[in-house]
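Asks: Each protein sequence line maps, in turn, to chains A and B. Following the working numbering, the numbering of the first sequence begins with 1 at its first residue and continues without gaps. Following the working numbering, the numbering of the second sequence begins with 1 at its first residue and continues without gaps.
Calculated from the structure, these hints are not laboratory results. Each hint should be verified, as a subset may be incorrect.
[Claimed, not checked] Using 35 Å as the maximum straight-line C-alpha spacing, the simulated DSBU-like pairs for lysine-lysine come out as follows:
no., chain 1, residue 1, chain 2, residue 2
1, A, Lys341, B, Lys376
2, B, Lys384, A, Lys243
3, B, Lys93, A, Lys28
4, B, Lys150, A, Lys284
5, A, Lys320, A, Lys153
6, B, Lys161, A, Lys434
7, B, Lys7, A, Lys28
8, B, Lys347, A, Lys153
9, A, Lys243, B, Lys441
10, A, Lys341, B, Lys61
11, B, Lys376, A, Lys243
12, B, Lys93, A, Lys16
[Unchecked claim] Label-pair distances were calculated between CB atoms; the ranges are:
no., chain 1, residue 1, chain 2, residue 2, range
13, A, Leu100, B, Lys384, 43 to 53 Å
14, B, Lys93, A, Asp223, 33 to 43 Å
15, A, Lys277, B, Lys347, 50 to 60 Å
[To be verified] Residues of chain A placed beyond 10 Å of chain B at every Cβ, according to the derived structure:
no., residue
16, Val103
17, Glu256
18, Lys277
Computed from a prediction, not measured in an experiment: that's the story for all the values here. Glycine is no exception: its CB is placed at the ideal position from the N, C-alpha and C atoms.
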Amino acid sequence: MSSGAQITEATIKELKDVAQLAVELARKAGADDAEVIVRDGSELTTKVRLGEAELVQEAGSRGLGLRVLKGGRRAVTYTSDLRREALEALCAESVALAELAEVDEFALPPDPTLLAKQFPELDLYDPAVAEVDAAWAMKQAIMGEAAARKADKRVTNSEGATWARVLGATAFATSGGFVGGYRGSYASLVVEPLCDDTTDPTAPKKRNGYWWTADRFLAKLDDAEAVGLEATRRTVATLGSRKVETQECAIVFDPEVARSIVGTIFSVANGSSFWRKSSYLVGKEGEQVASKLVTIVDDPLIPRAPGSRPFDGDGLATRKNSVIENGVLSPVLCDVYSARKLGRESTGSAGRGIGGNPGPTTSNLIMSAGSATHDEVIRSTPRGLYVTSLMGFGFNAITGDFSRGAQGFWIEGGELTFPVSEVTIAANFDEILKRIDLVGNDVEMRSSTVAPTFRVSHMMLAGTSR
Amino acid sequence: MTTQLPKTLRAPFSAGGASAIDAQLANRLLGHALGAGGDYADIYFEFRVSADYVLEDEQVKTLGRGITLGLGVRVTKGDATGYAYTEDLAWEKMQHAARTAGQIAAGGGHAPVGINPHTEVRAPSFYAVPMPSLMQPAIDKLALLRAADKAARAYDPRIVKVEASFAESIKEMLLFTSDGRMAQDIQPMLRFGCRAVAEQDGKRQSGSGGGGGRYGMDYFAQAATDAAAHGREAARIAIAMLDAVDAPAGEMPVVLGPGDSGILLHEAVGHGLEADFNRKETSNYSGQMGKQVASPLCTVVDDGTLPSSRGAINVDDEGYTGQKNVLIENGILVGYMHDRLSAKHFKLKPTGNGRRESFRSMPMPRMTNTSLYAGKDDPSDIIKSVKRGIYAKRFSGGQVNISNGDFVFSLTESYLIEDGELTAPLKGVNLIGNGPEVLRKVDMLGNDYQLSDGIWTCGKDGQSVPVNVGTPTVRISAITVGGSQV
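So that you can see chain A by itself, here it is in the shape it has in the complex (with noise of 0.2 Å):
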């Protein structure tokens, strides 16, 4: 079973063509402006379990969105009809539904002399993740998996491995001017062991884990016998986990959850919540709202990584921008949109799906390394929570309030001791940012938002009573 699934240069030709007369029909059709995307995409996931083959799943798919703007008026529709008598269906109902809109002067097409004209080339694409078939991909899936279950008597069961890939082909085009297109390519594999966990035996439960490994180019993936090692030394490691009591201690966060708190960092920081006075630290650019250990940057242009991307959802050229710089809040990202609302020039952020508004979004969001090693942060900790996974929504981006589920180990004498669960820990998030006392320097790009190990000085954990 050959792969017929490679995105070519024509295909993204293709695409140009149609976003561009899709943006023509709009005119034509009474739209001052238009602005289309159009993507095209192949998937394939496969996955094992217990050894047995459990899921394939093949298909492409495309779509279309297009935005029309007439005086100030605005409608977002889609379709996956790419015919041209539907395209034209599509763009006099936009039209119609604009005119129902509201006339916001925000709502213009950025300069046109704003425009990107010269693309970067990023190598976001790797043929190879093409050339894959169920067949390799389900191997893939089931060594990892066998790996895992082998590794350690303790596993019991299995969630699964799963290895997916995911071929796409952006283009967008709009009646400014702009026209571009850029095909990416994504694989990764996941194996989630599980265990029977009897450590109480008037209350045995079931320990799940898992690892990854994600990358745009085939040759980077991790072995697949490495990652379901790591799952199972993930899982067996939660083994035993219990409630520690109520109190304030130090919390050091491991890379993968790191990663997520750097990604609320951005929730509140950036154009869009900033005009919706939506985030607690509106008025606070060129302050400290960090600790002068935190400096986090925003980098589209970095060849093959998760997250570049050539040109931003508006068609602006993207550029490198700083988020914090040494705890001081840097000007946030924007698009075109939110820039106009707060009065200043896009950051070349915006993001834009099939069926919706641009708005900013994160490419590469980087937390730059700081000088301990990963051990040594631990080391210097007399007592606290290392927390390997959180859960739940608990954060309110107009107070800063911040309240999650947590799991991990706790660190007594600079030492991991036993595996804790059912806790959380909570506090406002501008102190958490400004407690911040000690970073990692294992910063490794393994997903398009990335952070080192990190501690914050204290936060409250809430468990058992005292």
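Go by the hints and put chain B onto chain A.
Replies: Frame of chain A, contents of chain B only:
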């Protein structure tokens, strides 16, 4: 559905449509799907038209509309599934999808199974909407947004910002299975939401209100659920939260208000009783059938038949009719929620819980409307019984780890209980607990059962489906509250 839908809202695959699918064509596709030796196949056609309207800063900012059309083909052999889909209903594309899905069985080597003649599943009608909202003029919906905006602002001068949104859709599905079932359904849905921000002395807080279900515009004709009521509710919460103080940290009694608190059930027990996890023995409820898994006060039911509720289904996405399924009766585990695969495994009848997000995904056991039934206590007695604890009224959502049963849920409106009285409002806080342990600690149950007028969406394995929840007032003797004050 009593009214004839206009052509633009009818699926192209329905009778008389541009790509009408009849039993003969379905059989040919199923034949291709089973060509490599699968033992079961189904083909699922879906057509969805949706629209959304957003008001912000007293302006209707954006109107949106979308159309989705596609076919998903599933082939199983034993416990293995092959899945493929296409958005193009041209014959060769559908045939390709069928063959691709069928590859899962390649190399199996037994003779292809036959395809049974199709009988249409006679589905009940839990959400007959004579006039789907999509057939009504957009201008009526914009008026709703303005009404919510106006009501929220009129509630209190400290309301400084209001956002209101309305989303509506109509989904038509058509399913044929190789074991002879044919099912079709038209599923309307609407969802209204309002968010208000209050500001005082530099402090800001927000509140949300909203509701909906499988209704037409008549949903808004009732005073309790009209647009202004949702606007006022958002404003009420935002204003109440201006005085919020830091929540306590540690274990204490928690009283859950009626309605929305059903989210706790959904997370604490619901997911763990979805039979795929139990078929695979990855749930903490695996092997617990017939055992006491909750306080004897607790009877938990998943009911797809609640009229017009967000989680109601006439027929699930595998062609089984929506049902009322008792999961826990007086604390004893009596049933799981099944899809076809798990029902076969447990040698039981499917329970009408096989749902999928869209034609792009395969069905799984999913909840519909999940409720904890009423008890006998007067809700005010329940509050009075607590010396120091928390009263939880509104939630933004929750999450569970199926394997060990740990769950969290996030409170957006809650109050301290001191000496049996509600006192200070509390800042947003999480509760964390272990499903089975928490359900054993339910020690008082109100007589005031309410179904949430919720806009809940449940996510599992990347698939989102609409659900609803309901409970009476519940007292839990102890649960960990994730506040920041000792």
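Asks: Would you mind marking each hint as holding or not holding in the structure?
Replies: Right, here's what the structure says about each hint:
1. Restraint check for lysine 341/A and lysine 376/B: not satisfied, since their Cα atoms lie roughly 55 Å apart, outside the 35 Å limit.
2. Proposed proximity of lysine 384/B and lysine 243/A is supported: the alpha carbons are some 29 Å apart, at most 35 Å.
3. Note on lysine 93/B and lysine 28/A: the hinted pairing holds, with a Cα-Cα distance of about 32 Å set against a maximum of 35 Å.
4. With a C-alpha separation of about 31 Å, the suggested pairing of lysine 150/B with lysine 284/A holds against the 35 Å cut-off.
5. In summary, the hint linking lysine 320/A to lysine 153/A is not supported, as the alpha carbons are separated by about 48 Å, beyond the 35 Å threshold.
6. Between lysine 161/B and lysine 434/A the alpha-carbon distance is near 29 Å, which keeps this suggested pair within the 35 Å criterion.
7. Under the criterion of a C-alpha separation no larger than 35 Å, the hint pairing lysine 7/B with lysine 28/A is consistent with the structure, at around 25 Å.
8. Note on lysine 347/B and lysine 153/A: the hinted pairing holds, with a Cα-Cα distance of about 31 Å set against a maximum of 35 Å.
9. Using a Cα cut-off of 35 Å, the hinted pair lysine 243/A and lysine 441/B holds, with the two alpha carbons roughly 17 Å apart.
10. With a CA separation close to 13 Å, the supplied pair lysine 341/A and lysine 61/B stays within the 35 Å bound.
11. At roughly 33 Å between alpha-carbon atoms, lysine 376/B and lysine 243/A fall within 35 Å of each other, so this suggested pair holds.
12. Between lysine 93/B and lysine 16/A, the direct Cα distance comes to roughly 23 Å. Compliance with the 35 Å bound is thereby established for this hinted pair.
13. In this structure, leucine 100/A and lysine 384/B meet the distance hint of 43 to 53 Å, their C-beta atoms being roughly 52 Å apart.
14. Taking 33 to 43 Å as the suggested C-beta distance range, the pair lysine 93/B and aspartate 223/A conforms, at roughly 37 Å.
15. Range check, lysine 277/A to lysine 347/B: about 58 Å between beta-carbon atoms, so the 50 to 60 Å window is met.
16. At roughly 8 Å from the closest C-beta of chain B, the C-beta of valine 103/A falls inside 10 Å, breaking its exclusion from the interface.
17. Here glutamate 256/A stays apart from chain B, with its beta-carbon at least about 15 Å from theirs, past the 10 Å limit.
18. Listed as outside the interface, lysine 277/A is inconsistent with that label: its C-beta sits roughly 7 Å from the nearest C-beta of chain B, within the 10 Å cut-off.
Consistency note: the structure conflicts with the earlier hints numbered 1, 5, 16, 18.
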